[in-house]
Amino acid sequence: MAKYDDVKKWYLDAAAAYDRDDAAPNGALKRLRETGARRFAELDFPTTKHEDWKYTSVKPATERRFAWRAPGERSDLPDAAKEAFFEEDQYRIVFVDGAYVPDASTPALEKDGAYVARLKTAIVERPEAVERALFDFEEEENVFAALGAAFASDGAFVHLPKNAALERPVHVVHYVEAEDEPFLAPTLLVVAEENSSATIVESYVGADGKPYLVGANARFAAAAGARVTHVKIQKEGDAAIHLWAGRAKTAKDATFETFLASFGGKLARNDAVVRAEEPGGFARVNGVVALDGERHVDNRVLLDHAAPRCESSQLFRAALNGNSRNVFNGKVLVRPDSQKIDAFQQNDSLLLSDTARSDSKPQLEIFADDVKCSHGATTGQLDKEALFYLRSRGVGAAQAKRVLVDAFTANAVADLKLASVRERIEKLAARSASR
Amino acid sequence: MLTIKNLHAEIDGKPILKGIDLQVNAGETHAVMGPNGSGKSTLAHVLSGREGYTPTEGEVIFEGKNLLEMEPEERAREGVFLAFQYPIEIPGVSNTNLLKEGLNEIRKHRGEPELSAGDFLKLVREKAKLVEMKKELLNRSVNEGFSGGEKKRNEIFQLAVLDPKLALLDETDSGLDIDALRVVAKGVNAVRNEKNAFLLVTHYQRLLNYIVPDFVHVLADGTIVKSGGKELALELEERGYEWISEKAESA
Chain A
78 MAKYDDVKKW YLDAAAAYDR DDAAPNGALK RLRETGARRF AELDFPTTKH EDWKYTSVKP
138 ATERRFAWRA PGERSDLPDA AKEAFFEEDQ YRIVFVDGAY VPDASTPALE KDGAYVARLK
198 TAIVERPEAV ERALFDFEEE ENVFAALGAA FASDGAFVHL PKNAALERPV HVVHYVEAED
258 EPFLAPTLLV VAEENSSATI VESYVGADGK PYLVGANARF AAAAGARVTH VKIQKEGDAA
318 IHLWAGRAKT AKDATFETFL ASFGGKLARN DAVVRAEEPG GFARVNGVVA LDGERHVDNR
378 VLLDHAAPRC ESSQLFRAAL NGNSRNVFNG KVLVRPDSQK IDAFQQNDSL LLSDTARSDS
438 KPQLEIFADD VKCSHGATTG QLDKEALFYL RSRGVGAAQA KRVLVDAFTA NAVADLKLAS
498 VRERIEKLAA RSASR
Chain B
157 MLTIKNLHAE IDGKPILKGI DLQVNAGETH AVMGPNGSGK STLAHVLSGR EGYTPTEGEV
217 IFEGKNLLEM EPEERAREGV FLAFQYPIEI PGVSNTNLLK EGLNEIRKHR GEPELSAGDF
277 LKLVREKAKL VEMKKELLNR SVNEGFSGGE KKRNEIFQLA VLDPKLALLD ETDSGLDIDA
337 LRVVAKGVNA VRNEKNAFLL VTHYQRLLNY IVPDFVHVLA DGTIVKSGGK ELALELEERG
397 YEWISEKAES A
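Protein chains in written order, with the working numbering: chain A, 78 to 512; chain B, 157 to 407.
To be clear, the hints were calculated from the coordinates, so they are not data collected in a lab.
Note that the coordinates shown come from a computational prediction; the quantities given were computed from them, not determined experimentally.
Careful, some of the hints might be misleading.
[As the list claims (entries may be wrong)] Sample of chain A residues at the chain B side, in silico, Cβ under 7 Å:
1. Glu462
2. Phe465
3. Arg468
4. Arg470
From the three backbone atoms N, C-alpha and C, an ideal C-beta is built for every residue, glycine too.
Turn these sequences into a full structure, and let the hints steer you where they fit.
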């Protein structure tokens, strides 16, 4: 028996046992789960010999048997969950321990053709649109994304018709505090038709000391001229395993940008793949990492320039304290015939302790000749001169440190237009790395 | 206000200050001059508490307290300010935010309440005028993209906002053209009063035409070899430092 066969069997048995039709007229979610389970069975758990997993062991995710939580509803909202609510004015969809909280959420929205709802509602109300979004992407190569798909049954769905502009952000909140080591597999689907625009924020917050597994999937399709901004604020508990797979594609002149802010987790990994399928698109994948203690964050990014005249940008900044670990594994892929590409990639790490560690793997894979690509990585410590300068103005040593960490990380979210979200990320960053 | 007795200090184990004695009273402006390597900048850094500048002997009493035992921020809160010779750029930290944090810490230390946002803004605008600081520089990151002259102005602007008892000006004149020098000096002179004191570290007499000192001290090889009034600076300008150094050696 191979090393992880028993782990696989555990989850495949659980997936097989979950046999609901989700009330979907077309059975789309059920078919997605079957596809996901098949793929999960086919794929191997990666080892550190696998290039994409060189610096991150999957052991924390496989050493426990997390128990699948079927979606449900609950009425009460723990106070700690409210910590994630940074702004009143938003379309909010809230889950606690995997259960939807209607009282804390905005009812399904239909306005000028735009539609925002909990996935379980959307699959009933908009079955065709959800089905198209679910099966719009290529087969998964990431075993954890396949695992999430094998259990996909709830989450959020956002549909923007042609020219629609959502003024308020959509905010999907997942809070976990359950004691029974649950496994949650939320799905976010965003479909932006021609020239539409919206900002979608995901918050993942959890209690410390409680092991749980989040295997989340997010899918974004930006049609010609659409502008989609995604923000993910991840502050899971210190015993949590968080594995997120985001897939996005852009059509002609569309823009997809995501800001991935990671502050928590025993193991947290973002796997972001953005593909420019038609010319003129733009993708930005930025990240802020601020960690302390034994936390480990791994960001894997692939920007796939599959069409000419595209621009892309990646800026990841990590502030690391304690024994924390950061991994950046970013790739720019420029396919043959994808000429006139402008790609930028940068990863900077700030080590705040002697035992924190950062591994950076910025990569360029270029098969076209008329392109402009730059990449770089830096690792350093707090600037002592700057620290002294601030202190000489009366600012205390600890506060001066916080101010400098804040300034360092804030750089990666400087282009985030939504001020309330940006400020929340900045606050969490300063707090998370310099306790 | 400030009493320095037999101060010795070293950098990386190398003795730089070799017994400084200096008394600075409120309302006075002292100029510390000397050739390169004489230790005059070191003196300013030791007084401000900079890491790596280690006092090894002697004492510094500031307003009745042992200055050398304090952390840099405590010295700032007690009323010591250092205007840097080479102000560094701090990307991402806005000029006004830094001042607000610093000023509030200093006020808290003095037992005064925090300034309201409106009062703070008023203060900042008023002091910015003193050194003709462009408004747009106030909210920019500290010194980021500032010209040499703008950086020096920013130091004096910060000095004016934080209103210290003792201001240490480390070669504030270096790198300034005559117009910028005049503006900076005007700012310093506007801040001078009966209650505060200034210690100007400078290589050239030029600055002292604009900020007229009460006392001039000449530093050579880590000790004060001559003290006098403002006319001493003129004499130095005319005769150079060698004259003093030779005198010190023969004495």
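Hint check:
| no. | hint | verdict |
| --- | --- | --- |
| 1 | Glu462 | holds (5 Å) |
| 2 | Phe465 | holds (6 Å) |
| 3 | Arg468 | holds (4 Å) |
| 4 | Arg470 | holds (4 Å) |
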